[in-house]
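Same order as they appear, the protein sequences are chains Y and D. Counting from 1, one number per residue, gives the positions in the first sequence under the numbering used here. Counting from 1, one number per residue, gives the positions in the second sequence under the numbering used here.
These are computed hints drawn from the structure, not numbers from a lab. All values reported here derive from a predicted model rather than from experimental measurement. A portion of the hints provided could be inaccurate.
Label pairs and their calculated CB-CB ranges [claimed, not checked]:
1) D:L23 <-> Y:G37: 33 to 43 Å
2) D:H175 <-> Y:G37: 46 to 56 Å
3) D:V159 <-> Y:E35: 41 to 51 Å
4) Y:G37 <-> D:K85: 47 to 57 Å
5) Y:I71 <-> D:P14: 16 to 26 Å
6) Y:F53 <-> D:I205: 16 to 26 Å
For each residue, glycine too, the CB sits at the ideal point set by N, CA and C.
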Amino acid sequence: MSEEKHHIVPYKTYLVILLVLLVLTFVSIAITNIELGELTVAGALFFATVKTFLVLTYFMHLKYDKPYIRIMVGFVFAIFLVVIIITFLDYYYRA
Amino acid sequence: MEQTKHVEHDHYDPEASKIGMWLFIFTELLLFGGLFIIYSVYRYLNPDAFHLAAEELDTFIGAVNTVILLVSSMTIAMSTTAIQKQNYRLTQWLLAITVILAFVFLVNKYFEWGAKFSHGIYPGSEHMLEAFSQGEILFFGLYFVMTGLHALHIVIGMVFIIWVMFYIKKRKVHHNRFALLENSGLYWHLVDAIWIFLFPLFYLIS
Chain Y
1 MSEEKHHIVP YKTYLVILLV LLVLTFVSIA ITNIELGELT VAGALFFATV KTFLVLTYFM
61 HLKYDKPYIR IMVGFVFAIF LVVIIITFLD YYYRA
Chain D
1 MEQTKHVEHD HYDPEASKIG MWLFIFTELL LFGGLFIIYS VYRYLNPDAF HLAAEELDTF
61 IGAVNTVILL VSSMTIAMST TAIQKQNYRL TQWLLAITVI LAFVFLVNKY FEWGAKFSHG
121 IYPGSEHMLE AFSQGEILFF GLYFVMTGLH ALHIVIGMVF IIWVMFYIKK RKVHHNRFAL
181 LENSGLYWHL VDAIWIFLFP LFYLIS
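Hey, can you work out the whole structure from these sequences and the hints?
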């Protein structure tokens, strides 16, 4: 009953994820220190997205939950992305 | 009033509470998401002013706070493992560390905001109106609203976690009934995830 009810995540998994998150943080700081113009913004957002994905998957247990929670989360992010795209289409073509 | 009413409290459904927490988290994501869109649009309209204003922020203190939040996220995540292994002492210690780290985050924020205030940078400041361009004023307006709202979430998270610690102490939350602990963890990871975006947008992109 217990293993069906809940997956116990080993401490080590959390520690490894923390280390990966810290490395990604320091890499993103190092990368934004280089002047890359517009790429800096893209790079920083890319690292933030990867980090959030790790937090959602492992710390927030989406990997171990039933798939419908993952689908709901994905749906909300998709809506958010659509709103961003529509907003920027508007500003971009205003000239 | 009557004795029979006391027996009814076992309406425990961990999956339903988890869905409830996730639905709440979605509203939070859209709240901060809206602010992120405002930030992106103003940044698009005032690229130079945002660039200039972001240089005022201290990347070091931002990075320290990022590390603090990431570590605190790990400790609260580990506490759900500890409670399932019935190691209550470790669970409480991990939660206590999480709360302490949250407090250190707020102390850093206090000094950071304090330094801004002493330079005349605060909402409604005369100095900003005279010395700063429109875009820089927008940047600092968003900076105070977004990091302030985030700090408010940190305070609420601390209260939430301390409340869960009391419940664990009274064994109202235990190894077979820990949805409340998991939900406090979900809330805390949300606060962490928001900071993961605030940090590059305000401190790094300059």
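So, going through the hints one by one against the coordinates:
About 40 Å separates the C-beta atoms of L23 of chain D and G37 of chain Y, a value consistent with the hinted range of 33 to 43 Å. At roughly 53 Å, the beta carbons of H175 of chain D and G37 of chain Y sit within the given window of 46 to 56 Å. For V159 of chain D paired with E35 of chain Y, a C-beta distance near 43 Å keeps the hint of 41 to 51 Å intact. At about 50 Å, the CB distance of G37 of chain Y to K85 of chain D agrees with the hint of 47 to 57 Å.
Look at I71 of chain Y against P14 of chain D: about 19 Å separates their beta carbons, and that is inside 16 to 26 Å. F53 of chain Y and I205 of chain D have their C-beta atoms about 20 Å apart, which keeps the hinted 16 to 26 Å range intact.
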